[in-house]
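> Sequence:
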Amino acid sequence: MCCRKLRHGMGKTMERLQKRDAEKTRKHILEVSFLEIYQNSFQGVSVDQIVKKTKMTKGAFFHHFPTKNALGYAYADELLREMMMDRWIKPLRAYKDPVQGILHCFKKNIVEIPEEFLGCGCPLNNLCQEMSTVDPKFREILSSVMNMWIDGTREHLERGKQEGHLHKNLNASQMAQYIVTAQEGAYGMGKTLRDRKVLQSLHAALKEHLEPYRI
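Count along the sequence shown starting at 1, add 253, and that's the number in our numbering.
In case anyone wonders, no lab produced these hints; they're calculated from the structure.
Keep in mind that this is a model prediction, so the values were computed, not measured.
Check each hint, because a few of them may be wrong.
[Stated by the list, open to error] 25 Å max Cα-Cα, derived DSS-like pairs, lysine-lysine:
(1) K280 - K321
(2) K450 - K414
(3) K444 - K361
(4) K280 - K305
(5) K460 - K361
(6) K321 - K390
(7) K321 - K306
(8) K460 - K444
(9) K349 - K361
(10) K360 - K450
(11) K349 - K360
(12) K277 - K305
[Said to hold, decoys possible] What follows is a set of in silico ranges between Cβ atoms, one per label pair, in the way DEER data are often shown:
(13) E365 - K390: 28 to 34 Å
(14) A458 - G312: 48 to 54 Å
(15) D388 - Q415: 35 to 41 Å
Built from N, CA and C at the ideal position, the CB exists for glycine as well.
The task is simple: from the sequences and hints, build the whole structure.
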């Protein structure tokens, strides 16, 4: 009886360890795929390239992602969703005045872009431009991520109004759409012009547009 319980307990432990290892492997594949897709585009990178970078077998890759598109969907829905939250939304919680937070986050991201990535653009915008018109599933996921970003921005703007940091006449929904468009557009221009001064100029223009709404 004791041996049977022990074997059962060991079996459960092994299952948990295997599940943890599988999740770790899957996460590793996604993390490796980020840089490959970011630098080469989704359609420009092959499964073989990603497999080679992960130092795994192709069988291990397909165990977690049966198709390249399955990887792309997870990349957008998990990796990019989390990245947008961490970069643009979560930091705003630290600011009483959300406009101050929005401008600071924007400036911080401009300053911290490594020179070699200045021409790579925004990973979310890149994938939107590349895949939204050719794959409905991609469009659905990317639309969800974009709306999450807009809604998160809107919620903080509404908070700023309620707490007396922003004027009541601010249309939070319209302004959130404008802010996200400005941020995405800036990275789109940076991708082509490869000039940090252009991004800094666009940051200054956004600041000028937002300042009148602050109290």
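> Against each hint, give a clear statement of whether it holds in the structure.
Cross-check of the supplied hints:
Taking the CA atoms of K280 and K321, the gap is near 15 Å; set against the 25 Å cutoff, the hint holds. Distance restraint check for K450 and K414: the Cα-Cα separation of roughly 32 Å exceeds the 25 Å cut-off, and the hinted pair is therefore not satisfied. In summary, the hint linking K444 to K361 is supported, as the alpha carbons are separated by about 17 Å, within the 25 Å threshold. Of the pairs offered as hints, the one joining K280 and K305 holds, with about 16 Å between alpha carbons and a cut-off of 25 Å not exceeded.
Simply put, K460 and K361 have alpha-carbon atoms about 14 Å apart, close enough for the 25 Å limit, and the pair holds. Our distance criterion of 25 Å between C-alpha atoms is met by K321 and K390, whose separation comes to about 13 Å. Between K321 and K306 the CA atoms are separated by roughly 15 Å; this keeps the pair inside 25 Å, and the hint holds. Annotation: proposed proximity of K460 to K444 holds, straight-line Cα distance about 21 Å (limit 25 Å).
Taken as a hint, the K349 and K361 pair is honoured in the structure, with Cα atoms around 18 Å apart against an allowance of 25 Å. Using a Cα cut-off of 25 Å, the hinted pair K360 and K450 holds, with the two alpha carbons roughly 12 Å apart. Under the criterion of a C-alpha separation no larger than 25 Å, the hint pairing K349 with K360 is consistent with the structure, at around 18 Å. A distance of roughly 17 Å separates the Cα atoms of K277 and K305; the hinted pair therefore holds under the 25 Å criterion.
For E365 and K390, the Cβ-Cβ distance of about 32 Å falls inside the hinted range of 28 to 34 Å, so the restraint holds. Taking 48 to 54 Å as the suggested C-beta distance range, the pair A458 and G312 conforms, at roughly 51 Å. For D388 paired with Q415, a C-beta distance near 40 Å keeps the hint of 35 to 41 Å intact.
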